[in-house]
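K.L.:
Residue numbers (the numbering used here): 1 to 319.
By construction, these hints were calculated from the structure, which means they are not laboratory data.
One or more hints might be untrue.
[Said to hold, decoys possible] If you anchor each label on the Cβ, the simulated ranges turn out as follows:
| no. | residue 1 | residue 2 | range |
| --- | --- | --- | --- |
| 1 | H181 | K15 | 33 to 41 Å |
| 2 | N128 | K15 | 22 to 30 Å |
| 3 | K3 | V177 | 40 to 48 Å |
| 4 | N128 | E220 | 26 to 34 Å |
| 5 | L274 | K92 | 33 to 41 Å |
[Unchecked claim] Okay, derived cross-link-like pairs now, DSSO-like style, lysine-lysine, Cα gap no bigger than 30 Å in a straight line:
| no. | residue 1 | residue 2 |
| --- | --- | --- |
| 6 | K26 | K3 |
| 7 | K92 | K38 |
| 8 | K43 | K74 |
| 9 | K89 | K190 |
| 10 | K146 | K190 |
C-beta: ideal position from N, C-alpha, C; glycine also.
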Amino acid sequence: MSKYKVVVTARSFGKSSTEPFDILEKNGCEVHKIPIEKPLNAKELIPLIKDADALIAGNDKVTKEVIDAGNKLKVISRYGIGYDNVDIKAAKEKGIVVTNTPNTNNNSVADLTIGLMIAIARNIVGANNTVKSEGWGRVLGTEVYKKTIGVIGTGSIGKGVIKRAKGFEMDVLCFDVYPDHEFAEKYGAKYCSMEEILQKSDIITIHVPLMESTKNLIGEKELKMMKNTAFLINAARGGIVNEDALYNALSKNIIAGAALDAVEHEPPVGSPLLKLDNVIITPHIGGYTSTAVNNMGVAAANNVVFVLNNEPGAHIVNN
C-alpha cells in the first residue's frame, strides 16, 4: 500500500519518459496525474489536493486558499524555476516545504530565445503564413549578425544566451543585480545600466524572475528609450513587460517588434497583441523539449521524495 498521495498538475510531467513516475512509485507514492491542458486556478486546485501529501505544480495558482485546503500537504514541488504563482508566505506559515528545479531547462530556454530573436528579426512566422495562404509576398528582414544584444538577467539562462550570441559575433551588454564579472570578461560581455541597454541594444532579451521589483520592469518609459528598430524578447515571465505599454509601442512603431514566450494571462485570449503582425507569441514552450521535460520531472520527483522522507537534497526555496 502506498504511503503517500502525490497530485501532479504539471502538464508535461513524465511526457518524455516514465522516469519521474518511477522515482515516485519506488518511494511509496501513489501518483495522480491530472489530465488538463491549462494551468489550474485556486477553485480547480482545492478539491484535488485536500488529501494529498505532495503537489507537483506547473504554472497553477497555488494561493493561500489552496494551501489552507491541503490538510495533509507537506511539499509543493514546482515543476520549473519560477515560483511566483505559489504563496510562499502561506506555505511557510503552515510548515509546507516549497521546492523548484533550477538548471533543468536553461539550455532549452536559451535555445528558444535565439530562435525567437531570428524569427522576429526575419519575420519568419509571417513569411510562413503568407506561403501557406498561397501567397509569395516577401518582407524585408533585419540581420542579427554583429548587432548589439542586451541581456537583462545573467543567471544560467541569460549566460546561455550570451554564449550563443557570441556565435553571431554580437556585442553583448548585460545587467544583473548580482553581476558575474568573471563570466562577462570570459565571454566579452559588458555590464552596464538598464538605461544603456535600452538605448544601445538592437535586441533586448529578459531573463529575470517575476517579483515585486521586476513587475512592469519594461513599461512605457523604457520602451520609449529603445531604438525604433529594436526588438524585445521575453522568455521569462508575463508581468515583467507591461503589455498595454507594449501594444502601444508596437502599434505606433516605437519599437520594431516583440517575441514573447510568456504573457501575463496564459492563454492570452482577447489580448490586443494577438492582432499585431510585428509580435510573435508562443505558448510558454521555453522548457518544452524532451531533455528539459525529463530533467524537470526527475528533479521535481526527487524533491518530493527527499522532503517526504526527511532526506537532504531537495532544492528548497522557502527555508
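K.L.:
So, for every hint listed, does it hold in this structure?
P.N.:
Hints, one by one, checked against the model:
1. H181 / K15: 33 to 41 Å: At 39 Å between Cβs, range holds.
2. N128 / K15: 22 to 30 Å: holds, 26 Å
3. K3 / V177: 40 to 48 Å: For K3 and V177 the Cβ distance comes to about 42 Å; the hint holds.
4. N128 / E220: 26 to 34 Å: holds, 32 Å
5. L274 / K92: 33 to 41 Å: holds, 38 Å
6. K26 / K3: holds, 11 Å
7. K92 / K38: holds, 26 Å
8. K43 / K74: holds, 20 Å
9. K89 / K190: With Cα atoms ~36 Å apart, K89 and K190 exceed 30 Å; violated.
10. K146 / K190: Holds, at about 15 Å.
Hint compliance for this structure: hint 9 is the single one not met.
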